[in-house]
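So the protein lines, in turn, are chains A and B. Under our numbering, residues 1 to 335 are what the first sequence spells out, in order. Under our numbering, residues 1 to 339 are what the second sequence spells out, in order.
Derived from the structure by calculation, the hints contain no laboratory data. Each hint should be verified, as a subset may be incorrect.
[To be verified] Cβ-Cβ distance ranges computed for the label pairs, FRET-style:
1) S223/A - N79/B: 43 to 49 Å
2) G304/B - G312/A: 43 to 49 Å
3) T323/B - P335/A: 26 to 32 Å
Here a beta-carbon is modelled for each residue, glycine too, at the ideal position from N, C-alpha and C.
Below are the chains, spelled out letter by letter.
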Amino acid sequence: MGCSSDRFAVRVALAFVWSALACALAQPSAASDGVTEINQTLALAGGVVSGDAAGFPVSIDEPGSYVLTSNLSTAALDEPAATSAIVVSADNVTLDMNGFSISGPTVCSCSTATSCMPTGAGGGIEVSSLGVTGLVVFNGTISGMPDRGVQAGPNARIYELTVSGNGNSGATAGANSLFDRVIASCNGAEGVVLTGDGTADAITARSNKLAGIEIGTGAVVTSSTSDGNGGAGITGGAGSGVHNSSTRNNSGGGIVLGPDGTARGNSASGNTGPGFTLTGASLVSENKANNNTGVGFSLSAGSGYEGNIATGNSAGTITGGVSLGTNLCNGTLCP
Amino acid sequence: MSRRAHSIALGLTLCSSIAAVILGMTAPARAVDGATEINQVRALAGGVTAGDAPGFPVSINASGSYVLTSNLTTAGTTNALTTTAIRVAVDAVTIDMNGFSILGPTVCDCGEMQANPECAPIGSGGGIEVTSPSVSRLAVFNGQFSGLPGNGVEGGQNSRISDLTTVGNGGNGASAGADSMVERIVSACNGGHGVVLTGSGTIRAVAARDNKLSGIRAETTRVLVLGSSARGNGQDGIALAGWSQVHRSTALQNWAAGISAGADTLVKGSVSAGNGGAGFSASQETLMTENVSVDNGTHGYLLGSGTGYQGVIANGNPNGTITGGVPVALNVCNRLPCP
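Throw the hints in and build the complete structure from the sequences for me.
Set out below in structure tokens:
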């Protein structure tokens, strides 16, 4: 009788252990610090969050903190061109890529005429609608996606990323967003796009099919380089500013800003087209334009300029604008 | 108790303990790297640090490194309007928010260019705050604040507030005291200012939009604002006190001045357009250089005595291009050269 009692107790205990294990396995996988893990295995299994179906895309519909614990790849899927890796439909999602990569099936031939195949709707990390706010993505690489590497809505922070060889733009974010320390190369459209205001600092954009860096109304670019892109090196909307940046060998001009902007402390060399193009009532000061195929500085009537250097530009030094001080034109002092 | 019942009880106890560990209901107090964990469960249980009572606020009474391991929410707590999520009472505390959010019960009406968001309910309950301005060396980074009745994050002196999103809080989005650094902040639709420095320091790479008061505000002297944008805020876009500087920034469509500066300030390389007041306003002995002021509601530049200006652009401002000040070099006024 004693032995049967002990066996019964053991069976009861084992039943509870198995139940607890089954319950635990049904929960989202959490790293030791509470952050929800995403990896290739979990993506294919589904259930990263409740409502996430098996396979790609991983659907994030809950705000919180997420971390990659492996590379993700959509290359081997049935329809890889149309499939995104991660789609975010909740506000306030932070995704630490943890040094890992998201990759897809697309291959881009990399030059000022970059072309990518296949292209499609499949992006790396994207929001389900452009109203999704507060996405944060950092610390990883996204390449070979048929669409954008990253597409975020407003109030986003995108930093410490490499986005290369994607079929559309490398990284795009909505109004009031921050880009910081991003490398965008060889993408099938723009390198980095800030569709509204915000800041872009320490961006490297190279060999993208269209503009290297594109910013919207009231945005600021600082300390960035943009080389060998199929469009302009840096383009900006009305009231935008570009500072302490370099543009070289771009096919659509060096720096092209909408009305009423400012360009200070920049260089534009070897671009096809003007080194600097500014419209409206803009300010151009302390910049250097050399060996561009257009004019060094193409300015509208209401713009002011001073302290610039224009050397060896095929179509002239400085056209338009109002001289506010001394400049240097082909080695000679000028308005 | 019979032997059978005793065995069952022991088994149940053992299995419950195992289940609790597996389910993370009794997460270790310290993360793998030794930082002290803060999460919703531990906040409600208390004991995050010695003297931390159950419930909010989590009271940090020991210097060191802390990490969030879940979102925190004060919504649903008793007195949620006056309850802060984390209060820091000692110096030298670092809080890695680990990508998580601190949330509250407040909702702010944030539409596109909604420069006067209405937030309700509002109160004194914030996200992370110091118990007094003298608490120094708080570092907070890598997280989000939303829906707090009060301020999102408030540091004391020598704070580092970075890599944060603070949206839709009833008070200021982020603030810090003297000799602090605030950088890489997205601050939108808060019921106070977007970002505030109450002492000296640096504000860099801030995007402040649609806050009810100013986008970026320096309340005392010796503040640097660098590479930031302020759009659609209910007062000034960027507001400085004296002995401060603004460089490489933009202020668009704010309801008062684009950039306002106290005495002895330097404003350089910035754009102010479409604001309700002056594009740039400055009190005495300020230097305005290489700025653009277009289509503002009143003056392009409204300058106090002893203020010098050079290389500025003013266009389409109905109350005048440049009022006051002393031209140091040429400028452009409505597309023509001017003093």
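I'd like to know which numbered hints this structure contradicts. Please list them from smallest to largest.
The structure conflicts with no hint, since it agrees with every one listed earlier.
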